[in-house]
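> Protein chains in written order, with our numbering: chain P, 1 to 368; chain Y, 1 to 277.
Hints may be right or wrong, so weigh each one.
Covered stretches of chain Y (chain P as the covering partner; in silico rule of three or more C-beta atoms under 8 Å from a C-beta of chain P) [to be verified]:
#1 164 to 178
#2 187 to 195
Restraint-style ranges between C-beta atoms, simulated for each label pair [to be verified]:
#3 Y:I118 with P:N214: 41 to 49 Å
#4 Y:S164 with P:S222: 37 to 45 Å
#5 P:R10 with Y:S164: 32 to 40 Å
Below, computed lysine-lysine pairings styled on DSBU-like, alpha-carbon distance capped at 35 Å [stated by the list, open to error]:
#6 P:K34 with Y:K186
#7 P:K78 with Y:K48
#8 P:K106 with Y:K193
#9 Y:K193 with Y:K101
#10 Y:K101 with P:K109
#11 P:K118 with Y:K186
#12 P:K135 with Y:K48
#13 P:K112 with P:K135
#14 Y:K186 with P:K106
#15 Y:K101 with P:K78
#16 P:K112 with Y:K106
#17 P:K18 with Y:K106
#18 P:K78 with Y:K99
#19 Y:K99 with P:K18
#20 P:K109 with Y:K193
#21 P:K106 with P:K34
#22 P:K135 with Y:K186
#23 Y:K99 with Y:K193
#24 Y:K99 with P:K135
#25 P:K106 with Y:K101
#26 Y:K193 with P:K110
#27 Y:K65 with Y:K48
#28 P:K110 with Y:K101
#29 P:K186 with P:K172
#30 Y:K65 with P:K78
#31 P:K112 with Y:K99
#32 P:K172 with P:K118
#33 P:K135 with Y:K65
The set of hints was computed from the structure by calculation and includes no laboratory data.
Remember, it's a predicted structure, so these values are computed and weren't measured experimentally.
C-beta: ideal position from N, C-alpha, C; glycine also.
So you can see what is in the structure, the chains are spelled out below.
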Amino acid sequence: MARVEFRNIRKEFVDDNKGTFTAVAGSDFVIHDKEFVVFVGPSGCGKTTSLRMIAGLERQTSGDILIGDRVVNNLHPKDRDIAMVFQDYALYPHMTIRENLSFGLKNLKKPKEYIEQKVSQAASILGLESMIDRKPRELSGGQRQRVAVGRAIVRDPQVFLFDEPLSNLDAKLRVQMRVELSELHKRLEATIVYVTHDQVEAMTLGERIVVMNNGIIQQIASPTELYANPQNMFVAGFIGSPPMNFIDVHKEGNVLRMEGGEFVIPDSMAAALSKYENEHLILGMRPEHITGEDIPVISSLDYTYSTKVQVVEHLGSENLVYFRVGNRTVTAKVHPETTGYPGMEKTFIFNFDKVHFFDPETEQRIDW
Amino acid sequence: MKSRSKVIMLIVASVILVVWSVLTIIPMYWMLIGSVQDTKSAASFIPKMIPDVLSVAPYERFFGKTNVMRWLFNSLLISTILTVTNVFLASLAGYAFAKLKFPGNKAVFWVLLSTMMIPAQVTLIPLYILMIDVFDLGNTYTAILLPGIVSVGNIFLMKQYMSSLPTSLIHAARIDACGEFGIFWKVILPMAKPGLAVLAIFTFVASWNDFFWPFLVTNSAEMRTIQVGLASFVYADTTDFGALMAGATVAALPMMILFFSLQRYFLQGITIGAVKG
Numbered sequence: 001m002a003r004v005e006f007r008n009i010r011k012e013f014v015d016d017n018k019g020t021f022t023a024v025a026g027s028d029f030v031i032h033d034k035e036f037v038v039f040v041g042p043s044g045c046g047k048t049t050s051l052r053m054i055a056g057l058e059r060q061t062s063g064d065i066l067i068g069d070r071v072v073n074n075l076h077p078k079d080r081d082i083a084m085v086f087q088d089y090a091l092y093p094h095m096t097i098r099e100n101l102s103f104g105l106k107n108l109k110k111p112k113e114y115i116e117q118k119v120s121q122a123a124s125i126l127g128l129e130s131m132i133d134r135k136p137r138e139l140s141g142g143q144r145q146r147v148a149v150g151r152a153i154v155r156d157p158q159v160f161l162f163d164e165p166l167s168n169l170d171a172k173l174r175v176q177m178r179v180e181l182s183e184l185h186k187r188l189e190a191t192i193v194y195v196t197h198d199q200v201e202a203m204t205l206g207e208r209i210v211v212m213n214n215g216i217i218q219q220i221a222s223p224t225e226l227y228a229n230p231q232n233m234f235v236a237g238f239i240g241s242p243p244m245n246f247i248d249v250h251k252e253g254n255v256l257r258m259e260g261g262e263f264v265i266p267d268s269m270a271a272a273l274s275k276y277e278n279e280h281l282i283l284g285m286r287p288e289h290i291t292g293e294d295i296p297v298i299s300s301l302d303y304t305y306s307t308k309v310q311v312v313e314h315l316g317s318e319n320l321v322y323f324r325v326g327n328r329t330v331t332a333k334v335h336p337e338t339t340g341y342p343g344m345e346k347t348f349i350f351n352f353d354k355v356h357f358f359d360p361e362t363e364q365r366i367d368w
Numbered sequence: 001m002k003s004r005s006k007v008i009m010l011i012v013a014s015v016i017l018v019v020w021s022v023l024t025i026i027p028m029y030w031m032l033i034g035s036v037q038d039t040k041s042a043a044s045f046i047p048k049m050i051p052d053v054l055s056v057a058p059y060e061r062f063f064g065k066t067n068v069m070r071w072l073f074n075s076l077l078i079s080t081i082l083t084v085t086n087v088f089l090a091s092l093a094g095y096a097f098a099k100l101k102f103p104g105n106k107a108v109f110w111v112l113l114s115t116m117m118i119p120a121q122v123t124l125i126p127l128y129i130l131m132i133d134v135f136d137l138g139n140t141y142t143a144i145l146l147p148g149i150v151s152v153g154n155i156f157l158m159k160q161y162m163s164s165l166p167t168s169l170i171h172a173a174r175i176d177a178c179g180e181f182g183i184f185w186k187v188i189l190p191m192a193k194p195g196l197a198v199l200a201i202f203t204f205v206a207s208w209n210d211f212f213w214p215f216l217v218t219n220s221a222e223m224r225t226i227q228v229g230l231a232s233f234v235y236a237d238t239t240d241f242g243a244l245m246a247g248a249t250v251a252a253l254p255m256m257i258l259f260f261s262l263q264r265y266f267l268q269g270i271t272i273g274a275v276k277g
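So that you can see chain P by itself, here it is in the shape it has in the complex (with noise of 0.2 Å):
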């Protein structure tokens, strides 16, 4: 296994019609050895083509790609010591089962012996024994998959790269083939890269997750700190689900005053605020932070806020209740049994411990 570098990577798209699209812009980064990495963001962030430029089948404007030591950036994808698992599977259609895994490995001309052996592992680790001599149209789509992952793993590549794998499957079977590949990826110490747009998959599988948004990487961590620490309100609110509720307040001494209520915060938090005296900044706050008033008020923290629920979403382990400050719709997470129904004035309890602010301009965090 290897690791992977991004040296000040760019990659601009050229179009006749609508002149030069940036789909990434300067990336610099380190995936570790055995590490397994995430790129989420949305549609056209440039996860998928920074994937593809490690595979070699996009080739950057400018900057460098390493591999383990070797500088790749001229290397055919055949010579790259990669392996690649794409979003639609794409096994050959007209190969059963075991050409599709030996297909690579029989164009590397490696011997026969040794083909069959890593055939039968890759079948055995992933449960394809029984389905070996069938055509991919004949397999389920769960199925498919395994056998796309069994295609990468007969390779004993430097590194798996993985792009929107689970997305083509139901809900249920991409939370077993999540596990599944978490378990792979210990069972194989492997280095992974893995494109998702969905971030409940990058939490759940990577090690760290680089955030991307327009061509540029939003912030690099683990899921923990990405989670506690957002740099910024794209990765604070495309991070957790429902995401981070923001609300437009306005500082005033140690008052930060917004629609229809007020909260007195401690002078500490003020004077990290000071900057945005008699200013306008965004507080961010996750839902699970904010709860019904039949929780008890603990902490020093906790303010309390009264206004009309808007819609109740009960989930069975929770209810997501809806309502509005200022323009902002706000979500909390409360306990399944607290009572609220649309119309109903509630008083939910803010619970400053975990509050985030944002500068307004540059959406960057403000520490505190």
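Here the structure of chain P is known, so what remains is to put chain Y in place on it, guided by the hints.
Relative to chain P, chain Y alone:
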């Protein structure tokens, strides 16, 4: 009301289709019964739809002609070679235009496509001069074959078909250490079988039925194709209609067998490129 208008539409459509079918079938039926009647009956302006006497004499006269088997062989050879070259070269070019990035891809394709707008009659004389005068290929198989080795229409058809094949398979094969020709040969061609079958049928039928070009560039009886050979039943002051019809029936037989055995592909071929996926 709605169902009544639907019924009327159905009746109108059925009548049109029946008339169309009759108009299509009558010439073939005429040819068939003409081939088993005496020359006089076969040549009558209003043909007898049910002949009084059936006779195999026209077939005897047709096969009695010295070079008939040679003409059939020539047609088969030329059609087969042109089918193979068209399938191979058009699929290669179609794949390149559809899936490979190279400078001038679009421009070259549009230039090629624009040549389809030039009527064949316009290029006929320059092509004739090129083959006969410049290359001195008169009365040879090469002269018949060379201009038809691959047609732009077939390249266009294959480009449309190849565009519908998933690009991720090409990328997967590239990562699987497959060379560029290997990708075409081992991955693309097996997936493109339905498209190739349609292309093969179209080309074979067109080559088999071609009359004018083989007629132009050949001048000996041995080099004629069956379609050109049939013209030899038209004499200076008379035409042996019976033998002509018998020859036409024999010439049409391979096409009919080919069409009816592969009509599924034909019908599929009509929609190629219309729907992605």
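> Give a verdict on every hint.
Each hint, compared with the structure:
no. : hint                           : result
1   : 164 to 178                     : holds (count 11)
2   : 187 to 195                     : holds (count 3)
3   : Y:I118 with P:N214: 41 to 49 Å : 48 Å, holds
4   : Y:S164 with P:S222: 37 to 45 Å : 43 Å, holds
5   : P:R10 with Y:S164: 32 to 40 Å  : 33 Å, holds
6   : P:K34 with Y:K186              : 34 Å, holds
7   : P:K78 with Y:K48               : 71 Å, violated
8   : P:K106 with Y:K193             : 23 Å, holds
9   : Y:K193 with Y:K101             : 23 Å, holds
10  : Y:K101 with P:K109             : 28 Å, holds
11  : P:K118 with Y:K186             : 22 Å, holds
12  : P:K135 with Y:K48              : 57 Å, violated
13  : P:K112 with P:K135             : 21 Å, holds
14  : Y:K186 with P:K106             : 12 Å, holds
15  : Y:K101 with P:K78              : 18 Å, holds
16  : P:K112 with Y:K106             : 43 Å, violated
17  : P:K18 with Y:K106              : 16 Å, holds
18  : P:K78 with Y:K99               : 19 Å, holds
19  : Y:K99 with P:K18               : 21 Å, holds
20  : P:K109 with Y:K193             : 27 Å, holds
21  : P:K106 with P:K34              : 27 Å, holds
22  : P:K135 with Y:K186             : 16 Å, holds
23  : Y:K99 with Y:K193              : 17 Å, holds
24  : Y:K99 with P:K135              : 25 Å, holds
25  : P:K106 with Y:K101             : 26 Å, holds
26  : Y:K193 with P:K110             : 29 Å, holds
27  : Y:K65 with Y:K48               : 27 Å, holds
28  : P:K110 with Y:K101             : 30 Å, holds
29  : P:K186 with P:K172             : 22 Å, holds
30  : Y:K65 with P:K78               : 62 Å, violated
31  : P:K112 with Y:K99              : 32 Å, holds
32  : P:K172 with P:K118             : 30 Å, holds
33  : P:K135 with Y:K65              : 54 Å, violated
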